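Construct the entire structure; sequences and hints are all you get.
Just so you know, the sequences run in chain order A and B.
With the UniProt record's numbering, letter number 53 in the first sequence gets 53, and the count goes up by one each step, no holes.
With the UniProt record's numbering, letter number 170 in the second sequence gets 170, and the count goes up by one each step, no holes.
Quick caveat, the hints were computed from the structure, so don't treat them as lab data.
Given the structure is predicted, the values throughout are model-derived calculations rather than measurements.
Don't take each hint at face value.
[Said to hold, decoys possible] Taking lysine to aspartate or glutamate pairs in the EDC-like style, the calculated list, with each CA pair at most 16 Å apart, reads: (1) B:K393 <-> B:E435; (2) B:K443 <-> B:D395; (3) B:K445 <-> B:E338; (4) B:K210 <-> A:E98; (5) B:K393 <-> A:D77; (6) B:K384 <-> A:D68; (7) A:K67 <-> B:D395; (8) B:K178 <-> B:E338; (9) B:K445 <-> B:D413; (10) B:K445 <-> B:D412; (11) B:K210 <-> A:E94; (12) B:K454 <-> B:D138; (13) B:K211 <-> A:D68; (14) B:K393 <-> B:E431; (15) B:K211 <-> A:E94; (16) B:K445 <-> B:D395; (17) A:K51 <-> A:E99; (18) B:K244 <-> B:D144.
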Amino acid sequence: MSAAATQAPPAVPAVQTIPITVDFSGGLEMLFSNRRHHSLDVPAADDEGKKSNIGFLVRHLCSTALKDPRTDLFVLDHHIRPGILVLINDADWELEGEEAYELQPGDNILFVSTLHGG
Amino acid sequence: MHQDSERNGAADGDANGKDGHSRRLTDEEFERYSRQMIVPGMGKEGQLRLINSRILIIGAGGLGCPAAQYIAGAGVGTIGLVDGDVVDKSNLHRQVGHATSRLGMKKVDSLIEHLRGLNPLPTYVPHAFHLDAQNAADIVARYDVVVDCTDNPATRYLISDVCVLLRKPLVSAASVQKSGQLIVLNCPPTPQGVVDGTPRAAPCYRCCFKKPPPPGSMVSCGEAGIMGPVVGMMGVAQAGEAIKIIASALHIPPDPSSSVSPETNLGQPALLIYSYDLASGVGPYTFRALMMAGRRRTCFACGEGSTLTLEGIRAGSPNYEQFCGLATSINQTRLPPEDRITASAYAAAAARGELPPHILLDTREREHFSFGSVDGAVNVPFGKLLVAAAAIKRDGAPADTILPTTKPSLPDDAPVFVVCRRGLDSQEVVEKLRELGVDNGGKRKIMDIIGGMKAWRDEVDPTFPFI
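Shown next as C-alpha cells:
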C-alpha cells in the first residue's frame with residue numbers, strides 16, 4: 001500500500017468544475033477568438049444539477065467563449081448546426097451518445113466544420 | 001535478350017492465374033515500377049492489380065492534380081478525369097499538373113498532357129464536362145475506384161450516392177484556406193440496405209455528413225483562399241489511399257471462409273484532418289485521425305429501407321441543388337435602391353468634388369485590402385465590425401464608436417459609404433449600423449456601394465487588383 005492511497009480524499013470544492021480541452025478546426029476557430037485550442041474548466045453540473053454533458057458544453061461555449069455575433073455559424077435552433085462534426089476524444093460523438101455524453105475530466109472535445117473546397 | 005521469366009518471376013507461383021493478372025511485366029514496366037514493387041506488401045501482384053484497374057478522378061484542380069500525378073506514376077491502367085473548367089492563371093499556385101503554357105485549355109486535356117509526360121503507359125480518358133445527375137452513373141460505372149476531388153457539396157453527395165448504388169469505393173477529400181480533410185468511404189462496398197455484418201458495413205458520405213452546412217456558412221477557395229501545399233497534401237493522400245485499395249484488393253469483400261487479417265480490416269473508418277498554421281510550427285493539432293462510426297442504419301442512401309435508385313437520380317430525385325440550399329441562393333439585394341449607389345456613380349461624384357466629407361468603410365479582410373483600395377477608404381473587416389457591433393449593443397456604448405476615427409474629425413451627419421468585396425457584406429453592415437443608431441435617426445446617410453470592389457474593378461478601374 002502506498003502512502004498516497006491511505007490519505008483522506010481531497011476536500012470537495014464548493015463549485016465543482018471539470019477540466020477539459022476544446023478544439024476548433026476547419027475555420028470554426030474564427031468564431032472563438034481565432035484560437036484553435038482552449039483549456040477550460042466547465043461546471044460539473046448544469047443549472048438543474050444534472051451532470052454536464054455535450055449539450056451543456058455547447059450552451060456554455062456560446063455564453064462564454066463565442067465572442068463573434070455570428071452564432072448561427074455554430075448553433076442553429078440550440079443545436080450544433082449541420083456541417084459540424086463533434087469528436088469526443090477523437091471519436092465521432094455518435095459512438096459516445098452525442099449531446100447526452102457526460103463530460104469526464106481530461107476530455108478533449110473537437111468541433112470540425114466540414115469542408116467542400118478542392 | 002533479358003531473361004524476363006527470371007527477372008520478374010512470371011510463369012510460376014501465381015495463384016490467380018487468369019487474364020492479365022499473372023502475365024509477366026514488360027521490361028518497361030519492370031524498370032518503371034521497380035522501386036514501388038519492392039515495398040513489402042506490394043510486389044508484382046500489387047503492381048498487376050494497379051495495371052489492370054481503372055480509377056476515376058472527379059475534379060482536375062487542387063486535389064485532382066496531385067492525386068492524378070501519383071496515380072499515373074504508380075501505373076494504374078486506366079485513369080479517367082472529369083472536369084468542365086479551363087486552366088486559369090489563379091489556379092497554378094496549387095494545381096501543379098497544369099502549366100503557364102496551357103492557360104485557357106480544358107483542365108482535363110492539360111492535366112492529361114502532363115500525366116503522359118510522367119507516364120505514357122496508362123490509358124487516359126478525358127471527360128471534359130462537369131459531373132451531373134444525368135451523366136454520373138454512366139461514367140462511374142466504367143471504373144473500379146472513385147476519387148472525389150470536387151469543390152462543392154451538391155456534387156459530393158451525388159458522387160457518394162452513385163458510388164453506393166454502383167458499389168464503388170470512394171476516396172473523398174476537401175480543403176479550404178488552411179485546413180484539409182480526407183476519408184475513405186464505402187470500402188469494401190456493401191449492398192445498399194445491408195448494415196450489419198462483421199466487420200460493420202463501411203459508411204458512405206451521407207453517413208458521416210448527414211446534412212450539408214447552410215449555404216451562408218460555406219466558403220470556397222475563391223473567396224477564402226487556399227494554401228497550395230495544404231490542398232496538395234490532401235490530394236497526394238487521396239492517391240495513396242486509392243493505390244492502396246487497388247494494390248491490396250481492399251475493395252473486394254474478404255472471403256468469409258478465410259481468416260480475415262486485421263491488417264486489411266477497414267471496418268473502423270477514420271477521418272484525417274490537417275490543420276495548417278501560418279504562424280506556428282508543426283504541433284500536436286496539425287494532423288489528427290478521427291474515428292468515425294460505420295454505416296448508419298437510417299442513412300438516406302445506404303441504410304435499411306433506402307429508396308434511392310440510379311433511375312431516380314437521373315430523373316432529378318433527390319434534388320442535390322435544393323438539398324444543399326443552392327436553389328434558394330442567398331438574396332443578392334436586401335437594401336432599397338435609395339440606400340445604394342453604384343461604384344461608377346460614387347467615383348464620378350468623388351471626381352467632380354460633389355461628395356461631402358464622408359467615411360468610406362471597406363469591410364474586406366485585411367489581406368484583400370492590402371492589395372489596394374479606393375482613396376480614403378478605411379479598413380474594418382466584416383467579422384471585426386460585427387463583434388464591435390455586438391459589444392456596443394451589450395455594453396451600451398455610443399453607437400458611433402463603431403466608426404473609425406478620422407482626421408480631421410467629421411460632423412455627426414457625415415455620410416458613411418460601405419464597400420466590401422462583392423456587395424453582400426456591405427448591405428448587412430449598412431443594416432447593422434442603422435440598427436445601432438449610427439444614422440442619428442436619419443440625419444446621417446449610410447449607403448452601400450453596389451457590387452463591391454468587383455464592381456469598382458469592372459466599372460471604374462480595370463487595373464484595380466481585385467482578388
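Hint check:
{"no.": "1", "hint": "B:K393 <-> B:E435", "in the structure": "10 Å, holds"}
{"no.": "2", "hint": "B:K443 <-> B:D395", "in the structure": "24 Å, violated"}
{"no.": "3", "hint": "B:K445 <-> B:E338", "in the structure": "10 Å, holds"}
{"no.": "4", "hint": "B:K210 <-> A:E98", "in the structure": "14 Å, holds"}
{"no.": "5", "hint": "B:K393 <-> A:D77", "in the structure": "22 Å, violated"}
{"no.": "6", "hint": "B:K384 <-> A:D68", "in the structure": "8 Å, holds"}
{"no.": "7", "hint": "A:K67 <-> B:D395", "in the structure": "14 Å, holds"}
{"no.": "8", "hint": "B:K178 <-> B:E338", "in the structure": "40 Å, violated"}
{"no.": "9", "hint": "B:K445 <-> B:D413", "in the structure": "7 Å, holds"}
{"no.": "10", "hint": "B:K445 <-> B:D412", "in the structure": "10 Å, holds"}
{"no.": "11", "hint": "B:K210 <-> A:E94", "in the structure": "12 Å, holds"}
{"no.": "12", "hint": "B:K454 <-> B:D138", "in the structure": "39 Å, violated"}
{"no.": "13", "hint": "B:K211 <-> A:D68", "in the structure": "24 Å, violated"}
{"no.": "14", "hint": "B:K393 <-> B:E431", "in the structure": "14 Å, holds"}
{"no.": "15", "hint": "B:K211 <-> A:E94", "in the structure": "15 Å, holds"}
{"no.": "16", "hint": "B:K445 <-> B:D395", "in the structure": "25 Å, violated"}
{"no.": "17", "hint": "A:K51 <-> A:E99", "in the structure": "12 Å, holds"}
{"no.": "18", "hint": "B:K244 <-> B:D144", "in the structure": "13 Å, holds"}
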